[in-house]
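Visitor: This is what each chain is made of:
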Amino acid sequence: MGTTRPEIPPGSLYMLILKTLARLGSMHGYGIAQYIQQTSEDILQVEEGSLYPALQRMLLKGWVVGEWRQSENNRRARYYKLTPEGRKQLARELKEFDQVIAAISRVIEAV
Amino acid sequence: MNQLWRRVNWFLHRKRFEEELDEEMRHHLSMKAQDMKAADMKGGEMKQFGNPALLKEDSRAVWTSVFWEQLIQDIRYGLRSMSANKLFTTMAVLSLALGIGANTAIYSFMDAILIRALPVAHPEELVVLNWRAKGWPEVAHSQHGSSYEEPGGISVSDTMPYPAWELLGRNNVFTSLLAFLGAGRLNVVVNHQAILAHGAYTSGNYFDCLQMRPAAGRLIAEQDDKPGAPPVAVVSYPFWQGKLAGSADAVGRVITVNEVPVTITGVAAPGFYGLNPSEAPDLFLPIHTRPLLDPRSQPEAFHDATNYWVETVGRLRDGVTLRQAEASLAPQFHAFVADSAKTDKERANLPALWLQQGGSGIDSLKREYSKPLYVLMTMVALILAIACANIANLLLARATSRRREIAVRLSLGAGRLRVIRQLLTESVLLSLTGGIAGMGIAAAGIRTLTSLLANGRENFTLHAQIDIRILLFATAVSLFTGIVFGLAPALQSTKVEISPALKESRLGTGRSSHSGLRFGLMHSLVVAQIAVSLLLAIAAGLFVRTLSNLHSVTLGFNRENILLFSLNAKQAGYNDESGIQFYDRMRRRFASIPGVTSATITDMPLVAGWSSRTSATIPGVPEPNGKRPATNVALVGPSYFETMQIPILRGRSIEERDQTGRVASVVVNEVFVQQYFPGRDPVGQRFTLGGNKNAIEAQIVGVSRNSRYASLKREIPAVTYISWTQPPMLWRAGGIFFALRTMGDPMQIANTVRQLVHQADANIPVADLTTQARRIDETIVSERTFADLCACFGVLALLIAAIGLYGTMAYAVARRTGEIGIRLALGAQRPRVLWMVLREATVMLIAGVAIGVSVAWWASRFLASFLFGVKPNDLASIAVSVAVLACATILAGYFPAWRASRIDPMRALRHE
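Those sequence lines, one after another, are chains A and B.
Heads up: the first sequence runs through residues 430 to 540, numbered per the numbering used here.
Heads up: the second sequence runs through residues 15 to 926, numbered per the numbering used here.
Here chain A stands alone, though its shape is the one from the complex (with noise of 0.2 angstroms):
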């Protein structure tokens, strides 16, 4: 509890999501949320608290659909799966990320 995690940069929760989606296909809000601490070592967590807004406003913009399946506790869950909308923007989102990350390290290596 004591220690401090970095934040996930704003606006990087959308990308986040959908890289994870391209990359398992489709899977639920727990598993995404898993998915990416487990892959990030347990450096980003995913609170709830933004985790399903982002997702119902990537339904509305129709990046995902979301689908009714049982999930491996024997429940109903909702698993998400990327539509072509949402490949595309993973794309833009992935290369806008270089050039802002390759930007910043130039920068910080200019001195």
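The hints are simulated quantities; they were obtained by calculation from the structure and are not laboratory data.
This one's a predicted model, so the numbers in the text were calculated from it and none came from an experiment.
By construction, the Cβ of each residue, glycine as well, lies at the ideal position given by its N, Cα and C atoms.
There's no promise every hint is true.
[As the list claims (entries may be wrong)] Cβ-to-Cβ under 10 angstroms is the rule here; a few derived chain B residues that face chain A: (1) Arg20; (2) His27; (3) Arg28; (4) Phe31; (5) Met45; (6) Gln48; (7) Asp49; (8) Leu69; (9) Lys70; (10) Asp72; (11) Ala75; (12) Arg700; (13) His772; (14) Asp775.
Keeping the supplied structure of chain A fixed, place chain B upon it in accordance with the hints.
Guide: Only chain B this time, still in chain A's reference frame:
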């Protein structure tokens, strides 16, 4: 737009979405709890789940907050800007309210007459059986009821011989087939008081076929409609409420109908006015009581295959279409009429069955009013169109003046869609306000129009009212105008290039290509408005002239100060002889009322749409091809010509002594003399009226001046005025009319007349009491209504167009303030500035008039059938309309122009 759709979808299924969200949370928690257990065992830590309520709130907000919050924001902002621009708002709302109000009022009449279904179960299953034939089918020896002629000489009627109804009732396309006919007015004694009630004769299965439930008691059933069955009646709901106090013990009571005791068995459903909405019967009686109640009807009619007198309506079986039913019944009907035809001439032209939808009843009202209603509907649609043009114009003007505001908003990052939505919200708000105000106007309009159309008609059953469908109509019209006419300005005004618009000064924007286009659009809208209002003004002119022509028709008699009413002694049990004595006695009594100068008897009121025509054999008049001469006739009593003030040109008028004698004394009019006695002295000549059994010998005792007979519009025909006591002619009309010439207002002696009749015989009610002048006016109700309405519409259109022009010009001046300031500063004369602005208005006026006149020239032919004494392309009407329109336009343009010429150059330029 996809997002909007998803939002709407979310809103529609929001309950399910919430449940899904809940379930998702529960799933998350359970997964977490599982992992937590595992983690606990490992001694690891696990964050608690956050605040679930807040989480849900946030998730929901994704879908809602933006949309609804923005809508509320938009509405609030819209209301604020509406109240900030009072002049603009008033103009827009006023023109829309007038347009929507007029449309709603006329639409409610269309709904009442053309659309609304009968208040019975499944009205869409009802079909009316008609027949059609080329010209009049000879096989129909006699016909009682309505028939009309379609263009091309096709006769159409929904009357059938009784045996044909019996035959067609046995079929497999209808669940049942009912028959009925109007019974006219019946003398009914209720509570010792004689009144006249409208009746309908119905077959035993009438109410069963309509699937109606009684409001009280039971309805007429099969066993009631048998020869010799005890006479029963079902009363209409209004009659029950009005004349029987709505009491439950009305059922089973015995009333006297035409001297026959009849038992009331029940009350029809409320709102049911019979199958022919123009008849509105108070009493429903089985068809087989007709011979009892109506001595003139022949009992043989029940077996006569050539007497067409019952109207029939069938209810289709499930899954049977109108055309299938027609195909199935037509051969049966054809066999029936072919069998009834006895001569080759009859066989040559047999009527053929033709089925029509009957869901809204028999369509005599529709035929009467549908064409005028379509004309009116076109007019109000045009009014709405110019009102909408106003809205579009005002919005365009305002959008232009808000260019900077919009540019600021766009440059601050507002989406174009967002700004369009804001503008649309404003225009919809405007149009809805207009719609609400329009409902008020419509309600007043409906009341006025109903009283105009009814014009004293006693059983006027046109019940136009504002109901849920009319409200929907008005809402739809308002929303439509708001969206469609708000969209174009909204789209245009958000298409600004931000930086030039921001840099834009008040010096004028004429150089910008966008605003030039927009200004052109505004100009063309005004031109269209002028053209349309000119069109309406011309129509108004034509109808007003028609009305004044009708009013100035030379009648040939004095229509003022005559009281008219009818009595029917026959229905109260008098026979021919005692009836004549009763009427003559009453005539003498009426003549002695103080204030009455003369009193007379006639079988028909003049110029009231009544006519009676018979053939004649006149010595010395050839009969080519056996075609005998014919004359219109009227039965008249002593002092008829004095009372009506029709001058006698030769001989004498009908007098007391003419009431006895075998040869009928007659007076003929000038047309009669010209046609049958040209160049001869007709006085003293004898001829035969009518044919066969009913022929009477007539001797001409005088010649009267021509006077109008049945109608103001038709040419005066040859008329023979026959002394009224000739039995074969009498009793056709059932009752007889009295005409009293009075010294003052005829209605003042109405009560004296009633008292006299009541004293003489309490079982005879006074009917049709009115004045001759009113009787004539009734025949031109539709012309008067048209003239009144069109004059209203014309003024309305002019008003709306003037508002539009004023708005456009005022806007143009405001836009050019800077430019005009510079012109004035450089020494331009003020009158020149005035003219410069006015010239713009004049150009629009000329363009509008040119278009309007040419359209009117082409379109006015559609009104030809409504006109009298005016050609559709009446130059005077057009000239007056153009003049009025020009005045209104110049006036509307003058004020802004004057303001422009008063601009202070210093102040105008200082604004920069």
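Visitor: Against each hint, give a clear statement of whether it holds in the structure.
Guide: Tested hints:
no.: 1; hint: Arg20; verdict: holds, 6 angstroms
no.: 2; hint: His27; verdict: violated, 13 angstroms
no.: 3; hint: Arg28; verdict: violated, 12 angstroms
no.: 4; hint: Phe31; verdict: holds, 9 angstroms
no.: 5; hint: Met45; verdict: holds, 4 angstroms
no.: 6; hint: Gln48; verdict: holds, 6 angstroms
no.: 7; hint: Asp49; verdict: holds, 8 angstroms
no.: 8; hint: Leu69; verdict: holds, 5 angstroms
no.: 9; hint: Lys70; verdict: holds, 8 angstroms
no.: 10; hint: Asp72; verdict: holds, 4 angstroms
no.: 11; hint: Ala75; verdict: holds, 7 angstroms
no.: 12; hint: Arg700; verdict: violated, 100 angstroms
no.: 13; hint: His772; verdict: violated, 82 angstroms
no.: 14; hint: Asp775; verdict: violated, 85 angstroms
Violation of the numbered hints given earlier is confined to hints 2, 3, 12, 13 and 14; the remaining hints are satisfied by the structure.
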